[in-house]
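Enquirer: Protein chains in written order, with this note's numbering: chain F, 585 to 984; chain Y, 2 to 103; chain A, 942 to 1652; chain H, 343 to 520.
Honestly, the hints are just simulated from the structure, not real lab data. Incorrect hints may have been included.
Below, a sample of chain A positions facing chain Y; criterion: calculated Cβ distance under 7 Å [to be verified]:
{"id": "1", "residue": "Thr1177"}
{"id": "2", "residue": "Ile1181"}
{"id": "3", "residue": "Arg1521"}
{"id": "4", "residue": "Gly1627"}
{"id": "5", "residue": "Leu1633"}
{"id": "6", "residue": "Ile1635"}
Built from N, CA and C at the ideal position, the CB exists for glycine as well.
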Amino acid sequence: MDSFWIDPFSFIGSQLAAWLTGLGLAENWVSLILQLVGALALGTAVLMLTFLLIWAERKIVARIQDRLGPNRVGPYGIFQTVADLLKLVTKELITPEGADLLPYNLAPLLAVMSVVGLWAVIPMAPTLLGADIHVGVLYIVSVGSIGTLGILLAGLSSNNKYALLGAFRTVALMISYAVPMALALLVPVLLAGSMSMQEIVLAQKGLPFLLLAPVAALIFFVSSIAEVGRAPFDLLEAESEIVAGFHIEYSGLKFGMFFVAEFLHAFTISALTAVLFMGGWRGPWAEQYTALGFLYFLVKTSLVYFVVIWIRGSFPRIRIDQMNALNWKLITPVALAGLVVTAVAEKVALELGAPRLLTHLAGNALLIFAAAAGLGAYARAARRRSELLAKASKAEAPAG
Amino acid sequence: MIPLSWFLIFAALLFCVGLYGALARRNAIAILMAIELMLNAVNINLVAFWRYLGPEAVSGQAFALVVFAVAASEAAVGLALMISIYRRRHTVAVEEIDMMKW
Amino acid sequence: MHIETLIWLIPLPPVLAFAMIVLFAHRSNRLSHLLAIGSMLISWGLAMVVFGNAVTTKDLGHHPFQVSIPWLPMGETAFRIGVMIDPLSAVTLFFVAWTCLAIFVYSIGYHNFGKPRDPGDRPGLPPHAGGIEPMYARFFAFISLFAFGMLTLVLSDNLLLLFIGWEIMGLCSYLLIGFWYGKPSARDAMVKAFMTTRVGDVFMLLGLAYLYSATGTLSYREILFNEHVLSALAATPSVIPVLSTAGMIGLLLFIGTVGKSAQWPLHVWLPDAMEGPTPVSAMIHAAAMVSAGVYLIVRFFPLITAGWHEGGALTPTMTVIAFIGAFTALFAATIALAQNDIKRVLAYSTISQLGYMVAAVGIGAFVAAAFHLITHAFFKALLFLGSGSVIHGVEHGARETGEHLDPNDMMNMGGLRKKMPITFWTFLIGGFALSGFPLITAGFWSKDEILADAFAHGHWAVFLTLALAALLTAFYTMRQIALTFLGEPRTEAAKHAHESVWTMTLPLVVLAVFAVGAGWAGIPEHFPVIGGLLPNWMHEFVSGSLLEHPEALEFNPVPLLVSVAVALGGLTLGWLAYRRVPAGGEDPLKRPLGPVHTVLKNKYYFDEFYAAVFVRPAYWLAETFTYRWLDRGVIDGFLHWVGRTALRVGSFLRNYVDLPIVNGAGDAVGEGVKRSGRIIRVIQTGRVQEYLIIGVVFAGVLISYLLLLRP
Amino acid sequence: MTILQIIFLLTAFLTLLAALRVVTSPSMVHAALWLILALAGVAVVFILLNATFLAVVQVAVYIDAIAIMIIIVVMLTRGAVRGQGHTVSKTWWAAALSALVMLTGLLVMLLQAPVRGALPPTLPLDQEAFLERLGQALVDVNQYILPFEVASVLLVAAMVGAIIVAWPLFVRRGEEER
């Protein structure tokens, strides 16, 4: 019975398998059913998690903004989200006139699907992960950006200019930020020498990649926030500019799906950051007691998630041109350079036997310094240009 | 165990459907999509032959990757052409894009 | 780096420098000469590396550094060009690199670099007031090209590439002799040099073609280094009954040499070539061109001597060569006696020294010829550069005193010993080397070797002629030294002469070292006292490039004594005769020789003779026959007739053929094309898909044909 | 009928259906969506062929990049497809004919192929190791570095070309010329 305490997940799995084979099913059918059950359980659990997330976010943001936040329904207003859900369910599902039905109804599904799909490869404990496919990282990149598709469809199918604008912004944002995200994802792959998430976690034994590649971690974090489209990158649903962005025409549960998708996506990227750069479930005695590993994983993820909320609460929204400039002029080049730097540092550490940590830190320090220098040069050039323009206009003013 | 011929037949059908689309559709974008279908059919063949005839050789997948690259660039250029043609002529119907005749 | 690659790289820098100077750098003198000399330095360094490798390689003769690439595809075979370093080309490369470098450096000072440009100077005329040469950059471009030609020639591994380098040098000598094209004499000289050498080159080209048709290749290794080809060539008779094919080819090539290294009777251009700047004279007469001529026959020694065995009777070709060489040696030496122009004396002495080498080849003394070629290159370059320095000094003096005189005339010099010590000593060394001053100088060893060879194989005529020539050489050398440096200054200019700048004197010193030291590489073992102190490296090394090594001669006192005697005797006589010639005094030889002297002074009237025999008839022919009769009368008349007839025919054709028939048909065709086009063009709908469909249908038909019908 | 066969038949059916809809559906947006479905089906086929890597790449390249591009262009060129009646050109019968010719040709070829009945051999080495080999083969001088480099150059060229072609600036200049 103690095996349950040591490794509850595989224990339950084996029990189920035994039972099913007891029912006299073929081996492969059993495995198939188990997969289905696992997927179902995982998906449900993740979706249920959203209640907690929404509540936590609202509370924290309220604290940041010096408010109380939800405090009526249940202790600390913890059931506020349930109430909201009920309200959403009872609302009518409005389909705008001239909407393109197929994409219009497909969009929310896609949005949720992509997020939940991500969880299939996130190792939450030594023995608890959906599928340890050997190209997990690629899987994350591809499945993650299916959400883009959903938003895009929502925008263009609901026959609404604001929605269309929101969709365009989304696409611009997501497509452009997918580039540095993928580049940053390559760094842990490089360090671990494998694209499987579990391998990456295992490779962070004692030395999380956060220390080896801080720049890459930062870039991944920022660009994945942008992927999610949260503040300060939430200009796809900027109320003040385009009323509600792509989901302006959605109501009831369909809107709820987008809502869930967004929050869950935010949590998912926190989980990814935790797994890829902070050693996922790694921690003391995590190998022996997988439940402990799961705990570590949750703690780290919540930590990152808190930072996400924190950022949301404190940063102003950036303009779309700033967004593009930031990406193409700073983040992407730095990500590229970071990849090269990591590769070189790893090679140096391998060949010359230099201490790994120091080499990587030195490389990253160099990178940061270079980036800062480049920024300074860019800023000076911009200032000079603006001064020239001002002078020119001043010169023209009397003439005109 | 799926015999190789299933994959090949499937690929052939997909290819011909794409071919029909590429030849018959009026909308240039649709033609582009049909071409993507054909490329996919080709890829299926490559991978199927890799799996069935030479799993230890990397050539099948390598070629498939090259095909991916080609497809991506083809789509990029093609769509850019669409856009500029649309900007100039306000149409993407291929039989109206015949400035080059006579 | 691989040694063959280095060999490829040797000739490149100068030609690059040439291109860059001509294209970009010619505005800046400093940049130009930096480019030229820098490139020459690179070539020199590479050459030294290669030379070092060559010397240390064992048995280089059988395994030379060689690499070649296919160049012209000829039927199934391809004509290959490439580079080769065997002992002969190694030593040649050695002295070419050194002398070229020295001359480059010398040119800076000679062209008054660093002085302001004198407004009076015009391009094409020598700077008259000591200003910088107006066409300074151009000069360096040309000599760079020249160096390129020479290096190519030395490094090539086949006759064709050699010929190419040969012709490049021909062009450069033409350009450089006429460098001061403002002077009519320079113009005539350049044309003369070009034409005369052409005569030789034509024959050489004939020989080249003959060789290729006979053997099917031009590569040295394949011809000169295997007995089968040589013996076959020697065996088969040629178009001329008395000569074997080898002899015929050898003779033709030798005529090329006669032209290039100014052997009698084609020697006339060399003295006139003195019109060029002195570095050019040095380049042409010491380092490059004339050496190239001798290098050619030395290189083709196996071919020339094919069918001759050491100690055997000479083949007709060799006889001819030996005769011409010996004769030229004596003949030029006699002329040199009576010349007053310091550079002309050197020119004639060059001719006679080349005669020595040619004679040496003629009597089969391969090593001796190569040896003398090298030593002569060094000390003759030294002498020319020295004379240039002297002329510079005198010009300077003339500028100070403001008197107008010919700075080349030795009668205007004298007593420069104190004025220009470095020049004097180096010139002295060079002169002694030239006259073969015993034991210490290089000239002695090489010349002695030739004499010894001639004596040992019993070619008496050659031996005596050469000995006499040696006597004369020593004499006129001493005469030159005495007139130039010894005694009292005969003019104000000579009083005010001064030493030249370091860029001119440094090369002198370097070359002087070689003029002495080069000889020690070839001291025969059996020489009394000092023989065998140093190994006879020259003989060992150079003879490696032959198939069967000629054995070193056993020592024989007679030639030694003779050469010592003639050298010392000539020097003493010259010193006695010329040690003090008063100002305005006439040449001491005038009275004793009488009319002979005038004959010598006018170089046996050879120029006049050629002018009368070849040039004027040519003019006459061109004027009366070709122009008046042939051209005006026959050709023009015929042409006019043709023209008139053509006119009539043309009008007929136009009226009765062209307008009705041709035009009609043309119009019909045009209209038809237009109509059919209008009909057919409906096919070209401009719709992509229809084209595509057609293509696919054809593809399908093709596939089904391939799959169903064909098997 | 093993599970794999069932899955394959299902996928193939869906994919072909989607492909047909792609080439027939009047609305471009729907066509694009069907295209996405078809591409996804192909990805599944890749998985059935144990080419997981290619499957994921398929999703990443086709669905995330190409499909989205296509949808965007569809959005941009919306006015063009509206109210233009026919979805197929006048020569659609010729198109169908040639497609059939091609299909018969391919099938005949298939029937003549000796390997048509081949069954998949067991994979010699696991996916991870194979992926490693593939990666090294792509940058191996003796194997595929040339196609690899050419493909990358092609991509860059395509990117530049697309930017230039679609640049409004150039269009404006063109307008002025006309």
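Enquirer: None of the hints should be skipped; say for each whether it holds.
Expert: Results for each hint:
no. : hint    : verdict
1   : Thr1177 : violated (61 Å)
2   : Ile1181 : violated (69 Å)
3   : Arg1521 : violated (94 Å)
4   : Gly1627 : holds (3 Å)
5   : Leu1633 : holds (6 Å)
6   : Ile1635 : violated (10 Å)
Checked against the numbered hints given earlier, this structure breaks hints 1, 2, 3 and 6; the rest are met.
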